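Trainee: Listed here are the chains, written in short residue letters.
There are 2 protein chains.
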Amino acid sequence: MERLKARILSEGQNLGDGILKVDGFINHQVDPELMFEAGKELARRFAGVGATKVLTAEISGIAPALATALQLGVPVVYARKTKPITMPDQVFLTLAPSHTKGRTVELIVSPEFLAGGERVLIIDDFLASGSTILGLVRLAQTAGSKLVGIGALIEKTFEGGRAKLEGLGVQIESLAAIVSMEGDHIVFSDD
Amino acid sequence: MERLKARILSEGQNLGDGILKVDGFINHQVDPELMFEAGKELARRFAGVGATKVLTAEISGIAPALATALQLGVPVVYARKTKPITMPDQVFLTLAPSHTKGRTVELIVSPEFLAGGERVLIIDDFLASGSTILGLVRLAQTAGSKLVGIGALIEKTFEGGRAKLEGLGVQIESLAAIVSMEGDHIVFSDD
Numbered sequence: 001m002e003r004l005k006a007r008i009l010s011e012g013q014n015l016g017d018g019i020l021k022v023d024g025f026i027n028h029q030v031d032p033e034l035m036f037e038a039g040k041e042l043a044r045r046f047a048g049v050g051a052t053k054v055l056t057a058e059i060s061g062i063a064p065a066l067a068t069a070l071q072l073g074v075p076v077v078y079a080r081k082t083k084p085i086t087m088p089d090q091v092f093l094t095l096a097p098s099h100t101k102g103r104t105v106e107l108i109v110s111p112e113f114l115a116g117g118e119r120v121l122i123i124d125d126f127l128a129s130g131s132t133i134l135g136l137v138r139l140a141q142t143a144g145s146k147l148v149g150i151g152a153l154i155e156k157t158f159e160g161g162r163a164k165l166e167g168l169g170v171q172i173e174s175l176a177a178i179v180s181m182e183g184d185h186i187v188f189s190d191d
Numbered sequence: 001m002e003r004l005k006a007r008i009l010s011e012g013q014n015l016g017d018g019i020l021k022v023d024g025f026i027n028h029q030v031d032p033e034l035m036f037e038a039g040k041e042l043a044r045r046f047a048g049v050g051a052t053k054v055l056t057a058e059i060s061g062i063a064p065a066l067a068t069a070l071q072l073g074v075p076v077v078y079a080r081k082t083k084p085i086t087m088p089d090q091v092f093l094t095l096a097p098s099h100t101k102g103r104t105v106e107l108i109v110s111p112e113f114l115a116g117g118e119r120v121l122i123i124d125d126f127l128a129s130g131s132t133i134l135g136l137v138r139l140a141q142t143a144g145s146k147l148v149g150i151g152a153l154i155e156k157t158f159e160g161g162r163a164k165l166e167g168l169g170v171q172i173e174s175l176a177a178i179v180s181m182e183g184d185h186i187v188f189s190d191d
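Top to bottom, those sequences are chains A and B. Letter by letter, the first sequence follows residues 1 to 191 of the working numbering. Letter by letter, the second sequence follows residues 1 to 191 of the working numbering.
Calculated directly from the structure, the hints in this document are not laboratory data. Careful, some of the hints might be misleading.
Ranges of calculated distance between the beta carbons of each label pair, as one might list FRET restraints [to be verified]: (1) Q171/B x G167/A: 50 to 56 Å; (2) G116/B x N14/A: 24 to 30 Å; (3) G160/A x L168/B: 36 to 42 Å; (4) G117/A x G50/B: 43 to 49 Å; (5) K40/A x G183/B: 41 to 47 Å; (6) S98/B x G160/A: 34 to 40 Å; (7) P111/B x E37/A: 23 to 29 Å; (8) S180/B x G73/A: 30 to 36 Å; (9) D184/A x Q141/B: 32 to 38 Å; (10) V49/B x K101/A: 33 to 39 Å; (11) G116/A x S98/B: 21 to 27 Å.
To spell it out: a stretch of chain B is covered by chain A in this simulated footprint if at least three of its residues, at any positions, have a beta carbon under 8 Å from a beta carbon of chain A; those stretches are [unchecked claim]: (12) 11 to 21; (13) 31 to 44.
Please read all numbers here as calculations on a predicted model, not as lab measurements. We put the CB at the ideal spot given by N, CA and C, even for glycine.
Whenever a hint applies, use it, and build me the whole structure from the sequences.
Mentor: Listed below in structure tokens is the structure:
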């Protein structure tokens, strides 16, 4: 998506160690119009998969997942990283290592909102090492849902996440795939 | 907003101790259409305040704030509760007691995205005791921004938050104001 790539080039900052700072428009401050254009494009690419639910992880997956779910006309569920008091005692829980947090985080979904028979589309802000997305896949599988697609705003191809996900046999889409970041020089894949 | 009130009546659960469980459509699973209808209504009510930025708190404020900001055509900033590694060392930070979490949480905003001269509209999912919103007000004031309004999806009038906020002299709006919850009996204010 050209508008997203242009924004990454103009405002993204390579902080080193594979960290791309995009918190002026995705992760802390959010540009709603950009987000809804991205949601529209993700919904277009996954129009044929028959998703009945969008699944993401708090916190920064919420905005792109909500925008995509709006376009698809389905609910979105965000996995919590801490269990709120409103959640039942029995939950689906998995552990996922977080590169940017430097530790393992819990991903928790209530069985009330992820059930057998759902067709789950996973949407997140980043596809990097794939750890968070694989955690969401495990949650969906544990719930007896069927995974139908995986989409991200930004992919860092050099972290190898896609390779880990390809065995799942579902469509994988990213709107801006970065093949290398060297200093201020960010290179996207041709697509 | 009638559609929101109807949803609270049909799916909201009073868990006691003032806790209303609405995680089937707001807090864990989100209904995107309901959220965008709410955002449209909040944007309509605050159309005259000249907001240049919407400010909210992660996690559950993000969806209604994003929906409102989209309609107003302004960016949204969500205060973080933990400082991500992409944030500069110098930040705006305040403490807010959280009733539902049973502890005090940090609210952190980067000075990059909240500056003097901004006209800040605060949007959150709940207006209850007002603690989180007052924390956001302090962040906006510390940044030298001007507070221009406060909006919430659901107000629990019996927790007294509005009284604490009225001294700020800005417009305060909620889309469903609950005056009492006794067992399954939820009563809204006339509005």
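Trainee: What are the numbers of the hints that this structure violates, sorted from low to high?
Mentor: 3 and 11
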